[in-house]
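Visitor: Chains as they are written, first to last, in UniProt numbering: chain A, 1 to 218; chain B, 1 to 218.
Calculated from the structure, these hints are not laboratory results.
Hints may contain errors.
Remember, identical chains collapse to one label, so a pair may be satisfied in a single copy or spanning two.
Here are the simulated lysine-lysine pairs, DSSO-like style, with alpha carbons at most 30 angstroms apart [as the list claims (entries may be wrong)]:
1. LYS105 / LYS26
2. LYS132 / LYS40
3. LYS186 / LYS40
4. LYS203 / LYS117
5. LYS52 / LYS132
6. LYS62 / LYS186
7. LYS125 / LYS26
8. LYS125 / LYS104
9. LYS132 / LYS62
10. LYS81 / LYS117
11. LYS53 / LYS180
12. LYS117 / LYS132
13. LYS53 / LYS196
14. LYS105 / LYS125
15. LYS105 / LYS117
16. LYS26 / LYS212
17. LYS62 / LYS180
18. LYS212 / LYS79
19. LYS104 / LYS213
20. LYS104 / LYS79
21. LYS40 / LYS125
22. LYS186 / LYS196
23. LYS186 / LYS81
24. LYS180 / LYS52
25. LYS203 / LYS79
26. LYS213 / LYS117
Quick caveat, the model's predicted, so the values are computed rather than measured.
Protein chains: 2
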Amino acid sequence: MGERVVLLDLYASMFGMRARVALAEKGVEYEYREEDLPNKSQLLLEMNPVHKKIPVLIHNGKPVCESLIIVEYIDEVWKEKSPLLPSDPYERAQARFWADYIDKKVPDAGRRIWYTKGEEREAGKELIEILKQLESQLGDNPFFGGERFGFVDVALIPFSCWFHTYETCGDFSIEEQCPKLISWVKRCMERESVSKSLADPNKVYDYVLALKKRLGVD
Amino acid sequence: MGERVVLLDLYASMFGMRARVALAEKGVEYEYREEDLPNKSQLLLEMNPVHKKIPVLIHNGKPVCESLIIVEYIDEVWKEKSPLLPSDPYERAQARFWADYIDKKVPDAGRRIWYTKGEEREAGKELIEILKQLESQLGDNPFFGGERFGFVDVALIPFSCWFHTYETCGDFSIEEQCPKLISWVKRCMERESVSKSLADPNKVYDYVLALKKRLGVD
Numbered sequence: 001m002g003e004r005v006v007l008l009d010l011y012a013s014m015f016g017m018r019a020r021v022a023l024a025e026k027g028v029e030y031e032y033r034e035e036d037l038p039n040k041s042q043l044l045l046e047m048n049p050v051h052k053k054i055p056v057l058i059h060n061g062k063p064v065c066e067s068l069i070i071v072e073y074i075d076e077v078w079k080e081k082s083p084l085l086p087s088d089p090y091e092r093a094q095a096r097f098w099a100d101y102i103d104k105k106v107p108d109a110g111r112r113i114w115y116t117k118g119e120e121r122e123a124g125k126e127l128i129e130i131l132k133q134l135e136s137q138l139g140d141n142p143f144f145g146g147e148r149f150g151f152v153d154v155a156l157i158p159f160s161c162w163f164h165t166y167e168t169c170g171d172f173s174i175e176e177q178c179p180k181l182i183s184w185v186k187r188c189m190e191r192e193s194v195s196k197s198l199a200d201p202n203k204v205y206d207y208v209l210a211l212k213k214r215l216g217v218d
Numbered sequence: 001m002g003e004r005v006v007l008l009d010l011y012a013s014m015f016g017m018r019a020r021v022a023l024a025e026k027g028v029e030y031e032y033r034e035e036d037l038p039n040k041s042q043l044l045l046e047m048n049p050v051h052k053k054i055p056v057l058i059h060n061g062k063p064v065c066e067s068l069i070i071v072e073y074i075d076e077v078w079k080e081k082s083p084l085l086p087s088d089p090y091e092r093a094q095a096r097f098w099a100d101y102i103d104k105k106v107p108d109a110g111r112r113i114w115y116t117k118g119e120e121r122e123a124g125k126e127l128i129e130i131l132k133q134l135e136s137q138l139g140d141n142p143f144f145g146g147e148r149f150g151f152v153d154v155a156l157i158p159f160s161c162w163f164h165t166y167e168t169c170g171d172f173s174i175e176e177q178c179p180k181l182i183s184w185v186k187r188c189m190e191r192e193s194v195s196k197s198l199a200d201p202n203k204v205y206d207y208v209l210a211l212k213k214r215l216g217v218d
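Start from the sequences, fold in the hints, and give me the full structure.
Guide: As structure tokens, this is what we get:
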């Protein structure tokens with residue numbers, strides 16, 4: 001088809017990882033371009049003039065921004081392989097609801113753990129409450145998509161490589177409090193689409209330490 | 001089909017109005033139930049246990065929450081009449097991007113105009129910048145959906161009945177600074193689906209005055 005797919009991304013970004021996992025699930029080849037956020041590329045500024053944020057998926061020269069919108073776009077364009085959203089409208093709405101819940105809750109609670117001084121424990125407790133809510137939604141299913149790895153799995157799994165950072169900065173154990181969720185993480189990591197797309201948790205932690213220093217919160 | 005559709009809503013809610021406009025576009029009959037937010041109904045708490053917020057669309061007993069997800073659900077279920085999202089994946093992604101932009105920017109800037117003391121003018125300027133960005137996206141098209149009233153139109157038009165409140169509290173004129181956007185509002189108001197679904201701007205203002213009193217910010 002002569003497709004040209006470029007992903008403007010940042011190694012440690014959970015939002016970028018969503019796009020990487022979705023592209024890997026679909027078997028789409030693409031060019032990965034690492035951005036340096038303090039020195040954003042001209043291409044990034046041109047392709048996402050509104051938010052100026054990664055990730056941006058550039059498909060045949062045209063940009064798609066915002067990670068969940070990118071994942072849904074990927075699912076619609078390469079629809080034959082590994083459908084991510086269910087076909088039933090009600091199930092689709094439910095999947096979108098939980099992906100939206102993740103977006104509204106997890107990044108903010110996560111950031112408050114490493115970005116603040118003195119608020120780490122409070123933010124850690126909040127994150128655990130959010131993860132418990134998600135764990136209860138998972139129930140006894142292997143994936144949020146039921147028997148199949150799906151949209152909500154793509155939305156949440158990238159945060160798992162930040163768990164080590166959250167736990168270290170907030171001094172708590174996610175596995176102790178959400179054992180089923182950690183089993184789900186391990187199950188997802190058995191997929192090459194996930195294990196090859198996610199950042200190394202130790203590198204995420206190093207990235208956060210460097211970021212704290214840059215932002216003056218260490 | 002023996003459909004049973006119930007909308008848990010609040011008269012002045014721009015989020016609720018999105019669902020009302022979408023249902024009206026599709027010609028879906030439904031039962032409207034006004035919620036009293038300080039005394040939420042048992043049904044609301046049961047149907048949206050996670051966020052406990054309106055609007056909730058209950059379709060044959062099953063709840064759908066979060067306004068844009070509701071609009072997309074309505075578009076997928078009643079797909080024959082007045083399609084709201086385009087069929088092309090790239091155009092769909094663009095429509096989702098702008099609806100998401102509205103969600104991320106407009107309610108917050110709007111609330112800061114009436115909810116704060118001393119910050120009204122600053123928030124007003126910010127809202128104007130956001131509306132100008134949207135106006136430039138509209139360009140010379142009659143609707144955000146191009147020739148057709150679509151998803152982004154549904155997402156944004158409910159805020160227009162709050163413009164009077166924003167202008168009065170923030171002491172500025174949207175029409176002066178965004179004349180094309182106001183022409184778009186008038187064009188949308190020619191549709192019965194919009195004019196019958198939107199709240200009366202004076203009633204919105206009265207609602208906000210009462211809310212300010214209740215919240216102790218008057």
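Visitor: Check each numbered hint against the structure and report the violated ones by number, ascending.
Guide: 3, 6, 7, 10, 16, 18, 25
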